[in-house]
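Asks: Sequence:
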Amino acid sequence: MPQTDTPFKLLVSEFTPDFAAWLLDVDEADVCRVQPLNIELPARAVRIDTAFRVTLADGRVTLLHIEFQGRRSERPMPLRMLDYLSRLAQQESGYLCSAVFYVGDGAGADDEGTHRVDCPDGSLTLTWRYRVIRLWQMRAEELLTLDRPALLTLVGQTRIEEPERVLPQVVATIRQTPDEGKRIRLLAALTSLMRDEEVLKMAEKLVEAIERDLMLDTPFLRRIREEGRAEGLAAMRQGILDVLAERFDPPATHYRRIEAQLETTTDLEQLRALLQAAIRTTDIADFEQVLEA
3 MPQTDTPFKL
13 LVSEFTPDFA
23 AWLLDVDEAD
33 VCRVQPLNIE
43 LPARAVRIDT
53 AFRVTLADGR
63 VTLLHIEFQG
73 RRSERPMPLR
83 MLDYLSRLAQ
93 QESGYLCSAV
103 FYVGDGAGAD
113 DEGTHRVDCP
123 DGSLTLTWRY
133 RVIRLWQMRA
143 EELLTLDRPA
153 LLTLVGQTRI
163 EEPERVLPQV
173 VATIRQTPDE
183 GKRIRLLAAL
193 TSLMRDEEVL
203 KMAEKLVEAI
213 ERDLMLDTPF
223 LRRIREEGRA
233 EGLAAMRQGI
243 LDVLAERFDP
253 PATHYRRIEA
263 QLETTTDLEQ
273 LRALLQAAIR
283 TTDIADFEQV
293 LEA
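Note that our numbering has the sequence shown beginning at 3, numbered continuously upward.
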């Protein structure tokens with residue numbers, strides 16, 4: 003999900019109190035302080051999406067860890083979360099809460115967020131849990147009831163059964179954000195995270211009509227969305243090159259030739275297929291044949 007990964011992380015980083023209140027099931031007024039954390043997990047390189055230290059009104063301090071996951075994962079998500087949680091618990095003492103946002107139809111369909119390993123005698127050896135939010139399964143109205151502008155930007159990843167009714171409510175709520183800079187970024191996030199082109203066009207027309215005085219016209223929003231898409235394509239290309247370098251250590255001439263060919267590929271699904279080929283092919287020559295095809 004490279005196309006939406008960057009917008010998600012930027013959104014959560016800027017509007018963490020909204021997400022913290024939602025995921026920790028407290029009132030927004032109870033979130034007194036949020037501190038972003040740059041945690042380097044021990045042992046082999048493990049990269050988490052986002053982590054924050056949240057201070058609540060009653061003095062409790064909680065480490066809040068959030069992951070975003072699409073339909074594909076090299077390792078099963080429950081095992082990745084076990085890895086993350088055990089390492090985070092060693093880094094930070096006290097409360098720890100984790101959540102996974104699944105993006106894209108079918109993502110995380112079998113993950114209920116509660117997992118265990120038993121001993122043959124029937125006793126429990128290990129258990130771990132985290133909150134699972136399947137955005138693709140949520141109805142848009144569920145976000146509307148939360149009445150938080152930052153969370154409404156996720157509506158494009160949910161099931162919108164009546165866009166002509168829902169979208170005006172979403173845009174009108176975001177419009178009430180008093181800070182002009184935040185309002186602009188929220189509207190940009192709203193369009194960046196739309197997955198349906200027809201719904202996107204409808205949202206852009208609403209934004210253009212309501213926020214014309216802020217110069218938030220359709221070309222501006224489209225540029226923001228395209229920048230996010232470009233970042234996703236660049237990340238996917240680099241991922242392919244990293245896998246090839248790790249597995250085959252190709253000569254510089256091969257590496258540069260492949261790099262140049264990847265630059266001409268602008269279809270995200272094709273790049274995903276090439277990443278799978280980079281993982282599965284037996285040598286660099288086999289991969290180059292796939293690339294040529």
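No lab work stands behind these hints: they were computed from the structure. Each residue gets a CB set at the ideal place from its N, CA and C atoms; glycine is no exception. Fair warning: there could be bad hints in the mix.
[Claimed, not checked] Label pairs and their in silico Cβ distance ranges:
#1 161 to 207: 45 to 53 angstroms
#2 179 to 35: 47 to 55 angstroms
#3 269 to 31: 41 to 49 angstroms
#4 112 to 288: 30 to 38 angstroms
#5 268 to 37: 48 to 56 angstroms
#6 248 to 31: 41 to 49 angstroms
#7 31 to 129: 50 to 58 angstroms
[Said to hold, decoys possible] With a Cα cut of at most 25 angstroms, we get these calculated BS3-like pairs of lysine-lysine:
#8 11 to 184
#9 207 to 184
#10 203 to 11
#11 184 to 203
Asks: Determine for every hint whether it applies to the structure shown.
Replies: Structure-based check of all given hints:
Against the hinted window of 45 to 53 angstroms, the Cβ-Cβ separation of residue 161 and residue 207 comes to about 21 angstroms, which falls outside the hint. Here the CB-CB span from residue 179 to residue 35 is close to 21 angstroms, at odds with the stated 47 to 55 angstroms. Judged by the Cβ atoms, the range 41 to 49 angstroms given for residue 269 and residue 31 holds: they are separated by roughly 46 angstroms. Range check, residue 112 to residue 288: Cβ separation about 32 angstroms, and the 30 to 38 angstroms hint holds.
Between residue 268 and residue 37 the CB atoms are about 39 angstroms apart, so this pair departs from the stated range of 48 to 56 angstroms. The supplied range of 41 to 49 angstroms is met by residue 248 and residue 31, whose beta-carbon atoms lie about 48 angstroms from each other. In this structure, residue 31 and residue 129 break the distance hint of 50 to 58 angstroms, their C-beta atoms being roughly 33 angstroms apart. Taken as a hint, the residue 11 and residue 184 pair is honoured in the structure, with Cα atoms around 15 angstroms apart against an allowance of 25 angstroms.
With a CA separation close to 20 angstroms, the supplied pair residue 207 and residue 184 stays within the 25 angstroms bound. The suggested pairing of residue 203 with residue 11 holds, with an alpha-carbon distance near 24 angstroms, which does not exceed 25 angstroms. Restraint check for residue 184 and residue 203: the C-alpha separation of about 22 angstroms stays at or below 25 angstroms, so the hint holds.
Of the numbered hints given earlier, the model fails hints 1, 2, 5, 7; all others are met.
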